[in-house]
Amino acid sequence: MTLMKSFLSAAATLALTAGVAAAEPAIIFDLGGKFDKSFNEAAFNGATKWATETGGTFKELEMQDEAQREQALRRLAESGANPVVMTGFAFGDVLAQVAPDFPNTKFAIIDMVVDAPNVKSVVFTEDQGSYLVGMMAAMASKTGTVGFIGGMDIPLIRRFGCGYAQGVLAANPAAKVVLNMTGTTPAAWNDPVKGAELAKAQKAQGADVIYAAAGGTGVGVLQTAADEGILSIGVDSNQNPMHPGQVLTSMIKRVDVAVYNAFKEGVDLVPGINVLDLKGDGVGYAMDENNAKLVTPEMLAAVEAASAKIKSGELVVHDYMSDNTCPAATF
Amino acid sequence: MGTLPKWADVVLVPLVSLALAAIISALVILSIGEDPLATLQVMVDGAIGSAYGWGYTLYYATSFIFTGLAVTVAFHAGLFNIGGEGQAQLGGLGVALVCLALPWPHWSVALLAASVGAAAFGALWAAIPAYLQAKRGSHIVITTIMFNYIASAFIVYMLVDVLRPAGQMDPATARFSEGTTLPTLNEIPGLNLIFTKAVPANVTIFVAIAACVAVWALLWRTRLGYQIRAFGKSGSAAKYAGINPTKIIMITMIISGALAGLMAINNVMGESGRLVQNSASGAGFIGIAVALMGRNHPVGVLLAAILFGFLFQGGAELGLWTHIPIELRIVVQGLVILFTGALDQMVRMMLVFVFSIGKQRAA
Chain A
0 MTLMKSFLSA AATLALTAGV AAAEPAIIFD LGGKFDKSFN EAAFNGATKW
50 ATETGGTFKE LEMQDEAQRE QALRRLAESG ANPVVMTGFA FGDVLAQVAP
100 DFPNTKFAII DMVVDAPNVK SVVFTEDQGS YLVGMMAAMA SKTGTVGFIG
150 GMDIPLIRRF GCGYAQGVLA ANPAAKVVLN MTGTTPAAWN DPVKGAELAK
200 AQKAQGADVI YAAAGGTGVG VLQTAADEGI LSIGVDSNQN PMHPGQVLTS
250 MIKRVDVAVY NAFKEGVDLV PGINVLDLKG DGVGYAMDEN NAKLVTPEML
300 AAVEAASAKI KSGELVVHDY MSDNTCPAAT F
Chain B
0 MGTLPKWADV VLVPLVSLAL AAIISALVIL SIGEDPLATL QVMVDGAIGS
50 AYGWGYTLYY ATSFIFTGLA VTVAFHAGLF NIGGEGQAQL GGLGVALVCL
100 ALPWPHWSVA LLAASVGAAA FGALWAAIPA YLQAKRGSHI VITTIMFNYI
150 ASAFIVYMLV DVLRPAGQMD PATARFSEGT TLPTLNEIPG LNLIFTKAVP
200 ANVTIFVAIA ACVAVWALLW RTRLGYQIRA FGKSGSAAKY AGINPTKIIM
250 ITMIISGALA GLMAINNVMG ESGRLVQNSA SGAGFIGIAV ALMGRNHPVG
300 VLLAAILFGF LFQGGAELGL WTHIPIELRI VVQGLVILFT GALDQMVRMM
350 LVFVFSIGKQ RAA
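Quick mapping for you: the protein sequence lines, in order, are chains A and B.
Position 274 of the first sequence, counting from 1, maps to 273 under numbering that gives the first Met the number 0, and the rest follow consecutively.
Position 111 of the second sequence, counting from 1, maps to 110 under numbering that gives the first Met the number 0, and the rest follow consecutively.
Keep in mind that a hint or two might mislead.
[Unchecked claim] Anything over 12 Å on all C-beta distances counts as not near chain A; from chain B, calculated:
id	residue
1	L17
2	I31
3	G77
4	V275
5	I325
6	D343
[As the list claims (entries may be wrong)] So the derived list for chain A, only partly shown, Cβ under 7 Å to chain B, looks like this:
id	residue
7	T53
8	F57
9	D64
10	A66
11	R74
12	S78
13	A89
14	D114
15	M180
16	E196
17	V274
18	D318
19	S321
[Unchecked claim] Stretch by stretch, here's where chain A covers chain B in the computed footprint (C-beta under 8 Å, at least three residues):
id	stretch
20	164–176
21	192–202
22	277–283
Keep in mind the hints are simulated off the structure, nothing from the lab.
All residues carry an ideal CB built from backbone N, CA and C; glycine is no exception.
Only chain A is shown next, with the shape it has when bound in the complex (with noise of 0.2 Å):
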């Protein structure tokens, strides 16, 4: 009896260890689609740098739709995939059902806590580095109006909305914030042709800089403020390049860090809350030579001073997710 359990134990750790050496990591994208040029192709574009630096292959998988969450989270567990690493929000409430059955799995989840003992929680300060694109969004502006357009309502996005906001008033206290949101189901989050419609609107309301924070609807909203003549702001990826010359910056969200960390990390992936904030460069604004001549020496000396200053703690940007309001907007 002991020598058989002995024996199965022994087979059991050689068939575990066989597994874990052959674990190639995976990634589920959200519904907004591997290539929607801002979030989750940010995710991508993390897994395919790992997978040029170490040689590795990984494992992807888009959904169909929204019932298909949490088998596809329970089909790449089981095909032996690890670390697993999803993106968005919307896994969380699966995946704290999934975790729990798959205890020799990691599980690595961007913008939502999920509290298990195997998954690791990305998340980012985008209050933050909204903040910083608000300020030169603001001192860009003619106008003194300026605008938001966020993806599908949820607290997520108002954060992004709310630090926004309080950079543009911090840079001009008299400016105006028109703040939109495209919808409130994930198929917000890749409706272009309604980011269009809401920047053609918002430029009707004298907006001349438009923030769009809304994955692939965002597309759209870059592409009209180009047509239009006014200047937008991307966000997650560097979209200056969609535009040259008419994308005034981008909030970036160094998604692709993150997924490139979790699969380098591999299966010793870290389980607990990793906040990604402006001090290590987990967001931030980008510059490139898309933009240079549209940031002036000014509003890059205004950014940077505030810059210093939420880094040393100085100026604390209202995180709208800690108590569910805004001081700066009205969503």
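Model the placement of chain B on the given structure of chain A, informed by the hints.
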């Protein structure tokens, strides 16, 4: 136009349709530089190569049986119910409301109550187009399609503004309580010897099989079934024979909607344990192809549902093991539905032609 022998109509037409869909799918896969045979291998392995794969295939099949039967019942009355998708989503709402209403003590009680909720909501959603058809002559194909959109928008409203728990960002209901969790096949004594890993297929599959028997008995063994079929063959003749058209349209669509709604106990209660957006995942539309392929007979529906379960699960496996992008996976699924559903008549005409040549030669 000549006719086909019965065996050719029942067996050959679906097989040729499938073969055509497979050939075009293979060309699509080839054109993006993937190997069609390896792709098929992945699908077969993933969907029916293991008990685990079967657990998923049967889960999808269970949903398709319900929606396939829904289309079948309506079809026998000459009504084309395209609204299975919306009826199934509303059924999901019924399930969610029932499951969240009480702390259910045992799954069997919850299953009964949730079935009633699912069927009632699905039936209600089908009853409105039925009434418009019966009393106002609004074409049921158009109205049921429209009602899918209304259902979808209504569910979004319910999930975003009414049922979403405070503090949750995801538009979904709260998790149902433990007492509503249906046993999956790996938890049923006896079957757990076959299904050793957790699978989504659950006891609902037995409800689905029972529904097949019930629909067969209804259509071919009851007075109502006779009236439905008579009305479907010729509305005016049926009316002349004393069959009330309004009554038949209403009853048939209510049964049809209830069957589509019942699908929700499989996916909403049995699998996800909460109601999310698009919970039906297109099963309502697949039901049309299932019913057409199954020749509007419960046995055919059962077999066709398993075939589509295979395609669905196999398609999901492609996402895991190949680099075929999701858009093309949907194209392949669409091709199968197109050929088995919409282009069914084209294949039949082709076969009639082939058979008539054969006959001439023989003569």
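Cross-check of the supplied hints:
For L17/B, the condition that its CB be more than 12 Å from all CB atoms of chain A holds, with the nearest at approximately 21 Å. Look at I31/B: its CB is around 15 Å from the nearest CB on chain A, clear of 12 Å, so calling it non-interface holds up. Non-interface status of G77/B relative to chain A is upheld: no Cβ of that chain comes within 12 Å, the nearest being about 32 Å off. The Cβ of V275/B sits about 5 Å from the closest Cβ of chain A, inside the 12 Å cut-off, so the non-interface label is violated.
Not every beta carbon of chain A lies more than 12 Å from that of I325/B, the smallest distance being close to 4 Å; the non-interface claim is violated. The non-interface label for D343/B is consistent with chain A: the shortest C-beta to C-beta separation is roughly 25 Å, beyond 12 Å. Violation of the interface hint for T53/A is found here, the shortest Cβ-Cβ separation to chain B being roughly 19 Å, above the 7 Å cut-off. This hint is violated: F57/A has a C-beta 11 Å from the nearest C-beta of chain B, more than the 7 Å allowed.
Given hint, D64/A at the interface with chain B, holds; its Cβ is 5 Å from that chain's nearest Cβ, closer than 7 Å. Taking 7 Å as the C-beta cut-off, the interface hint given for A66/A holds, the closest approach to chain B being about 5 Å. For the restraint placing R74/A at the interface with chain B, the shortest Cβ-Cβ distance is roughly 6 Å, inside the 7 Å limit, so the hint holds. A cut of 7 Å between beta carbons decides the hint on S78/A: the least distance to chain B is about 6 Å, and the hint holds.
With a least beta-carbon distance of about 5 Å to chain B, the hint placing A89/A at the interface is held under the 7 Å criterion. Proximity of D114/A to chain B is violated relative to the hint, the smallest CB-CB distance being about 14 Å (cut-off 7 Å). Nearest Cβ of chain B to the Cβ of M180/A: about 12 Å, over the 7 Å cut. The hint is violated. Contact between E196/A and chain B, as hinted, is not supported at the beta carbon level, the nearest pair being about 18 Å apart and thus beyond 7 Å.
For V274/A, the interface hint is violated, the least distance from its beta-carbon to any beta-carbon of chain B being 18 Å, above 7 Å. Below 7 Å, beta-carbon pairs count as interface contacts, and D318/A has none with chain B, the closest being about 15 Å; its hint is therefore violated. Nearest Cβ of chain B to the Cβ of S321/A: about 13 Å, over the 7 Å cut. The hint is violated. Requiring three or more residues with a Cβ within less than 8 Å of a Cβ of chain A, the coverage given for the stretch 164–176 of chain B holds, as 6 such residues are present.
Only residues whose beta carbon comes within less than 8 Å of a beta carbon in chain A count, and the stretch 192–202 of chain B has 3; three or more means the coverage holds. Interface restraint, the stretch 277–283 of chain B with chain A: holds (5 residues with C-beta to C-beta distance below 8 Å; minimum three).
Checked against the numbered hints given earlier, this structure breaks hints 4, 5, 7, 8, 14, 15, 16, 17, 18 and 19; the rest are met.
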